[in-house]
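A.B. asks: Take a look at the letters that make up each chain.
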Amino acid sequence: MEEIIRFWNTNFTNIQMARIKTKIKTSIFSISSYSCNSFIRVIRVQVLFFGLTVGGLQAEASEIQFKTLELEMDSRDAEVLFRKEPYDTSSFPVAVVDEGKRIHGRVEVIGQFSRNFLKKSILIKLDEGQKWQGNKKISLKSMSTDLSYMREWLTWNLISSLGMVSPRVEYYRLNINKQFIGFFLFIEWIDTSMFDRLGLGKDGEFYNTNDETYCGDMSPDNQNRLQECWAKLSPKDKDYTSLKKLIEGINETPVEDFDKFLTKHFDVDSVINWLVVNTIISNGDTYNKNYFLYFSKKTGKWVVIPWDFDLSFGRNADPVLPFPRNILNDNYTYFYPPELGSPNPLKEKTLKNKQLFNAFKNRISHVFGITMERESQGFFEKLFIKDKPLGGFAWFRPDEFQSRVTALENIVGRDLTKERYPGSKGEPFEQQVEALQLYNQWRYVLLKKLIFDPTPFNTAHWLPYFIFPPLSPVDMTKRQTIPLILSTTAEVLPTDKSVVLMEELLARPIGMLDIQSLNKPARVRLEVETERAPESLPAGIHPSKCIQRIWYLDIKTPDTILKVNMQLDYLQESSLHHEIGEQITDERGLSLWVMQNYKWRKLKTSINTLANVLKTEALELTSSDLLRFIACEE
Amino acid sequence: MNKNLISHRDAEAQRKTYLFIILSVSVPLWLIIFYSNVYASAWMQTEGDSLIATGTSYSIADSFWKRDGKLAQYSTRHKQGVYYLYGEYGYSYYYNIFASTGWTYSDSGTSTDSGVDDVKIGIRGRLNLFRNGRTWEIAAILPTRKWYLSDYRPGQGKYGLEAGIFYRFRPNPYENPFAEYPHSIWGGGLGTTLRSGGVGGEVWGYGNWQKKLFSPLWKIEIKLSALSSFAGAEAGSVDIYGPNDSFHYDQISSDISLSYSLSRTTGINLSYKQDLWGRNINKNETVHAGIYTTWKK
Chain A
0 MEEIIRFWNT NFTNIQMARI KTKIKTSIFS ISSYSCNSFI RVIRVQVLFF GLTVGGLQAE
60 ASEIQFKTLE LEMDSRDAEV LFRKEPYDTS SFPVAVVDEG KRIHGRVEVI GQFSRNFLKK
120 SILIKLDEGQ KWQGNKKISL KSMSTDLSYM REWLTWNLIS SLGMVSPRVE YYRLNINKQF
180 IGFFLFIEWI DTSMFDRLGL GKDGEFYNTN DETYCGDMSP DNQNRLQECW AKLSPKDKDY
240 TSLKKLIEGI NETPVEDFDK FLTKHFDVDS VINWLVVNTI ISNGDTYNKN YFLYFSKKTG
300 KWVVIPWDFD LSFGRNADPV LPFPRNILND NYTYFYPPEL GSPNPLKEKT LKNKQLFNAF
360 KNRISHVFGI TMERESQGFF EKLFIKDKPL GGFAWFRPDE FQSRVTALEN IVGRDLTKER
420 YPGSKGEPFE QQVEALQLYN QWRYVLLKKL IFDPTPFNTA HWLPYFIFPP LSPVDMTKRQ
480 TIPLILSTTA EVLPTDKSVV LMEELLARPI GMLDIQSLNK PARVRLEVET ERAPESLPAG
540 IHPSKCIQRI WYLDIKTPDT ILKVNMQLDY LQESSLHHEI GEQITDERGL SLWVMQNYKW
600 RKLKTSINTL ANVLKTEALE LTSSDLLRFI ACEE
Chain B
0 MNKNLISHRD AEAQRKTYLF IILSVSVPLW LIIFYSNVYA SAWMQTEGDS LIATGTSYSI
60 ADSFWKRDGK LAQYSTRHKQ GVYYLYGEYG YSYYYNIFAS TGWTYSDSGT STDSGVDDVK
120 IGIRGRLNLF RNGRTWEIAA ILPTRKWYLS DYRPGQGKYG LEAGIFYRFR PNPYENPFAE
180 YPHSIWGGGL GTTLRSGGVG GEVWGYGNWQ KKLFSPLWKI EIKLSALSSF AGAEAGSVDI
240 YGPNDSFHYD QISSDISLSY SLSRTTGINL SYKQDLWGRN INKNETVHAG IYTTWKK
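Protein sequence lines correspond, in order, to chains A and B.
Under numbering that gives the first Met the number 0, the first residue of the first sequence is numbered 0, with each subsequent residue one higher.
Under numbering that gives the first Met the number 0, the first residue of the second sequence is numbered 0, with each subsequent residue one higher.
Hints are computed from structural coordinates only; laboratory data are not their basis.
As the structure is a prediction and not an experimental result, all values here were calculated from the model.
Do not take every clue at face value.
[Unchecked claim] Computed beta-carbon distance windows for the label pairs:
no., chain 1, residue 1, chain 2, residue 2, range
1, A, K424, B, G196, 55 to 61 Å
2, A, A316, B, Y90, 38 to 44 Å
3, A, Q582, B, L269, 48 to 54 Å
4, B, S110, A, P92, 52 to 58 Å
5, B, G124, A, Y213, 38 to 44 Å
6, B, Y90, A, R82, 42 to 48 Å
[What the hints assert, rightly or not] Straight-line distance between alpha carbons at most 25 Å, and here's what the computed SDA-like set of lysine to any residue pairs gives:
no., chain 1, residue 1, chain 2, residue 2
7, A, K555, A, A617
8, A, K235, A, G283
9, A, K424, B, N171
10, A, K235, B, K296
11, A, K100, A, G128
12, B, K296, A, S138
13, A, K424, B, H182
14, B, K296, A, A617
15, B, K296, A, V79
16, A, K353, A, P453
17, A, K135, B, K295
Positions of the beta carbon are idealized from the N, C-alpha and C atoms, including for glycine.
Build out the structure end to end from the sequences listed, making use of the hints.
C.D. replies: Below, the structure is given as structure tokens:
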């Protein structure tokens, strides 16, 4: 294998070579770890074998594993570790039990947010000269603020599938003194050793955004206060010259030349993928924080490594609620465009540059399973190796995504009640998981329409930064209401399983129907009045106890009988922009009501209060019906 | 025996009061920091963390309480200044070690003296493994030679042992994570000081109330403390007192303090203390100013 690599060495980019070497090492490690007598439960394996052979490279394995990490420590220390005061930073001696061997170190609590819950993130620093599976430090994230336990893993799974520089991320069942503590996410410590392992060398320059100052946005305003906005992690000096030059270059390069600039200075894929990942998971908590930059002396390029994905997959910070409710809240959005997040010239110019924007769209299309991209290859590689699909194909396509989530749900859900310490309080696990699945359903169709499909006028639904600013100032501290009437008509066939009702101009899904039965092809119309209190109500219900949205559903085609399961959503973007009636005390008490033949009837409703989706089943309507729906709490 | 001198126990009490006012602010700002009793600190440092505090107090006494509790005037004003130095280290999560000393200057109006105070070295531990603000403490008092020879010696040049327990009624931080506790917090403590050589010991206690003011940076604290001597004293009492602790004495004091956090690691404290009642003891009024700083390993 080494000979083949040397033969092609000069024909690959350095980053490509680094990746190939890493994958060979990884595959060897993966094979040897499977043959070990360890506590691995392989849940879903697509491809196990990775080899560099004539005729093609096999795709890397995509699998979900839950390993077990055994720790031994003084029983008193074990309890104190999780139950002590949140901001106490004491550490305790610990031994990691690895195949009968004991590896000694000290364990402490880490993180800022999660330490306020009993289930805390912990860090084990092994004694000098000790390593566990090649790691001197073992970082275990508690996931205590993400009650689905999936956001971080899913995002890292997407990142690594796309071939981005990323740490090793795995679920672990943590046992201390043979007692199950809970599910934790092991994330390899991001330092120069990791970059060395990935073939980028360990002598580069490594920076992290300062997450307390939120000014790592590469803007001209902040390029002269780098020490305040960035922490230089390696080498440990105060020389920010390289970073300064990079940021100056980003700001000075015109948009039309930005593709050349990016190619010269960055691992272009790392930037494109960063934007793609943030778009797909709707991560707005970034671009001024929550990412690393590494300059590899081996490749001569900068690489972006994103970080911290708890505010993703619909979760949204609030602009006015005080801490911690600005983070821990019920806000939910799936409709933000790809520019979401803090302004950042790297993001902006990448999206505005024609070539880079096309690369971005192609990558989204690949992750959506629409068009498959291939890994870039050098000249000689193309001669001997069949081109290999880029990883992550169809990752976000609903069938793929939902099966991944279901697989995780089956494992985590089984033992969740056995966790020794609770995390944050919130909706039950099943609701959290369903919210992820609903996010995927609604976000997928929205982005697909927004980015790829033209409007009825053959124009783009969305182009980056192509927005009209408000004509008059908007007071962002006051509640906003933007009452709209959204309407769409869809052609439905009796063979259709489901139909998404999309408002065509905004590219917004406004409802989803699962077709149970339909006697003939039909045109179905859904109209939604948003952000207004319903005027017609069942007796005894006050408008303030209702969602401020009204839906109308009817069939345009005569002599039609349709039976559907229906999903409708409502808005809860922030404390200043939502449709929650003032007197609604508990969203779980909301029910859909339908007016049919001038009579109100309450429907059996299930609701996901996290994703703000109302569902009802076995709804029947005919051509003569105009069904009016409201959602109220009695 | 000089009845006009502010006694050692007054000086010692004053110094400890201020030490522990300072100590009470030696934690992260957003945590409620509580002023402990006169002799014990309610707060445990995190493993590896250190604290150093210094300050000064100035006391005056124009009168004293006789054995029957009635107030009698001094012919001259008695004054005392104390400069103290205190250090604390989080040896482990379970134990802190601390040490203190000071320098006292006394002026009875007719004579003066000054010198290094006794050195105290102690260990503090947790009464509750999980909640801070609930501690026990034991300290050894090591006399300094200067004071052994002087008429003005506080501590009488005897070895001593001090022990106390402290408790603060703080909310469970996991019931309402992130919540800034806006209400008052009550605390209290009990302890004893024993001395070698047949010198009378003391039993002491206090209760305090504490609240944040204006913002998390400001804190006000009001405390009521009491002490009483026990076995080892001569029977009866005398109309004079001095640095001789052979006679029974009692004291009830109050103090009010205001603390301000200059940063996450540094704070200042100002306080005023007044003795409210006593027997065989000065009626002191004391002002104090101190500063502390903490640092991590």
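A.B. asks: A separate judgement is required for each hint: does it hold in the structure or not?
C.D. replies: Each hint, compared with the structure:
no.: 1; hint: K424/A / G196/B: 55 to 61 Å; in the structure: holds, 60 Å
no.: 2; hint: A316/A / Y90/B: 38 to 44 Å; in the structure: holds, 41 Å
no.: 3; hint: Q582/A / L269/B: 48 to 54 Å; in the structure: holds, 50 Å
no.: 4; hint: S110/B / P92/A: 52 to 58 Å; in the structure: holds, 57 Å
no.: 5; hint: G124/B / Y213/A: 38 to 44 Å; in the structure: holds, 41 Å
no.: 6; hint: Y90/B / R82/A: 42 to 48 Å; in the structure: violated, 21 Å
no.: 7; hint: K555/A / A617/A; in the structure: holds, 20 Å
no.: 8; hint: K235/A / G283/A; in the structure: violated, 30 Å
no.: 9; hint: K424/A / N171/B; in the structure: holds, 16 Å
no.: 10; hint: K235/A / K296/B; in the structure: holds, 19 Å
no.: 11; hint: K100/A / G128/A; in the structure: holds, 15 Å
no.: 12; hint: K296/B / S138/A; in the structure: holds, 20 Å
no.: 13; hint: K424/A / H182/B; in the structure: holds, 24 Å
no.: 14; hint: K296/B / A617/A; in the structure: violated, 65 Å
no.: 15; hint: K296/B / V79/A; in the structure: holds, 20 Å
no.: 16; hint: K353/A / P453/A; in the structure: holds, 18 Å
no.: 17; hint: K135/A / K295/B; in the structure: holds, 23 Å
The earlier numbered hints that this structure contradicts are 6, 8, 14.
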